[in-house]
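Trainee: Going by our numbering, the first residue of the sequence shown is number 1, and it counts up by one from there.
Hints were generated in silico from the structure; no laboratory data involved. Even glycine gets a Cβ: it sits at the ideal position worked out from N, Cα and C. Careful, some of the hints might be misleading.
[As the list claims (entries may be wrong)] Computed list of lysine-lysine pairs in DSS-like fashion (alpha-carbon distance at most 30 Å, straight line):
no., residue 1, residue 2
1, K223, K123
2, K223, K236
3, K140, K236
4, K154, K223
5, K154, K123
6, K140, K154
[As the list claims (entries may be wrong)] Here are the simulated distance ranges between beta carbons:
no., residue 1, residue 2, range
7, Y66, R235, 39 to 47 Å
8, R235, G67, 36 to 44 Å
9, S65, K154, 19 to 27 Å
10, Q213, N53, 31 to 39 Å
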Amino acid sequence: MVSRFSFTFITVLAIFSLVVRASPLIERADSIASTFAADASINAVRLWNAVNNSRGMRLASYPWSYGTPADVNIYADWLYITNSSILYFIADMDVDCDGVDYMCPGNSGGDRDTSFGHLDASKVPYYVIPARFYSQYYPKVLPNALGAIICNGKIFYGIMGDTNGANPQMIGEASYLLARTCFPQDNLNGNRGHEARDVAYIIFGNQVPGGVQDQTIDINALKTLGDQQLRMLTRKLGI
1 MVSRFSFTFI
11 TVLAIFSLVV
21 RASPLIERAD
31 SIASTFAADA
41 SINAVRLWNA
51 VNNSRGMRLA
61 SYPWSYGTPA
71 DVNIYADWLY
81 ITNSSILYFI
91 ADMDVDCDGV
101 DYMCPGNSGG
111 DRDTSFGHLD
121 ASKVPYYVIP
131 ARFYSQYYPK
141 VLPNALGAII
151 CNGKIFYGIM
161 GDTNGANPQM
171 IGEASYLLAR
181 TCFPQDNLNG
191 NRGHEARDVA
201 YIIFGNQVPG
211 GVQDQTIDIN
221 ALKTLGDQQL
231 RMLTRKLGI
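Turn these sequences into a full structure, and let the hints guide you.
Mentor: So, in structure tokens, the structure goes:
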């Protein structure tokens, strides 16, 4: 007969073993996130508040989901503040799985192409804007333009790697990697996004990091350019 003490000890030992085995995966996820996260000296809360409190010079409005009104506004009052064609909006975050590995978990369909190549949504942090907006405002917004995404109290960088051509065209979407990095506890997938409209997207429309390839990007170049541009912006905003 196994004593109650022995059973409890074995149970605790098993749980500890699972935690130890899982910890490398957690550390790996954290290490990947840190490669395209903004420098810790850039204050995410102050920057999010600046986005939320500005909201002037509206360029366009789009729905954030099927059946919702077109009440997510893209603003341009920062357009020339640093000569970087800065636009911004606040929305939710759906999950985009398009690209070379388009059949991500939860995704019943998809497209092998992204708008400017075949980016790997599981390896490249990218954000998505409506195709009509991109067509209308190119070249103020270039392919693969730098973006700073403020989510869950943190800032991550990405490129504008895909466009939304649905009917109706919607806004608030990011690659599988970026979405799951923003909200690591929510198990986001191709069929489950972050529904709260609390994600700030800052687009540096004429800033494109070096090293963008058909399927991959140079993460170091992305982070270097991102930190440079955000520091310029925060200095101009006085935050």
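Trainee: Work down the list of hints and note, for each, if the structure agrees.
Mentor: Hints, verified against the model:
1. Proposed proximity of K223 and K123 is supported: the alpha carbons are some 15 Å apart, at most 30 Å.
2. Proximity of K223 to K236 is assessed by CA-CA distance (about 20 Å); at most 30 Å being required, the pair is judged to hold.
3. At most 30 Å may separate the alpha-carbon atoms for a hinted pair to count; K140 and K236 meet this at roughly 20 Å.
4. Between K154 and K223, the direct Cα distance comes to roughly 14 Å. Compliance with the 30 Å bound is thereby established for this hinted pair.
5. For the hint linking K154 to K123, the alpha-carbon distance of about 19 Å falls within 30 Å, and the restraint holds.
6. Under the criterion of a C-alpha separation no larger than 30 Å, the hint pairing K140 with K154 is consistent with the structure, at around 26 Å.
7. Distance hint check: the CB atoms of Y66 and R235 are about 40 Å apart, consistent with the given range 39 to 47 Å.
8. Between R235 and G67 the Cβ separation comes to about 41 Å, which falls inside the hinted range of 36 to 44 Å.
9. At about 24 Å, the CB distance of S65 to K154 agrees with the hint of 19 to 27 Å.
10. Checked against the given bound of 31 to 39 Å, the beta carbons of Q213 and N53, roughly 38 Å apart, stay inside it.
Violated hints are absent here; each numbered hint is respected by the structure.
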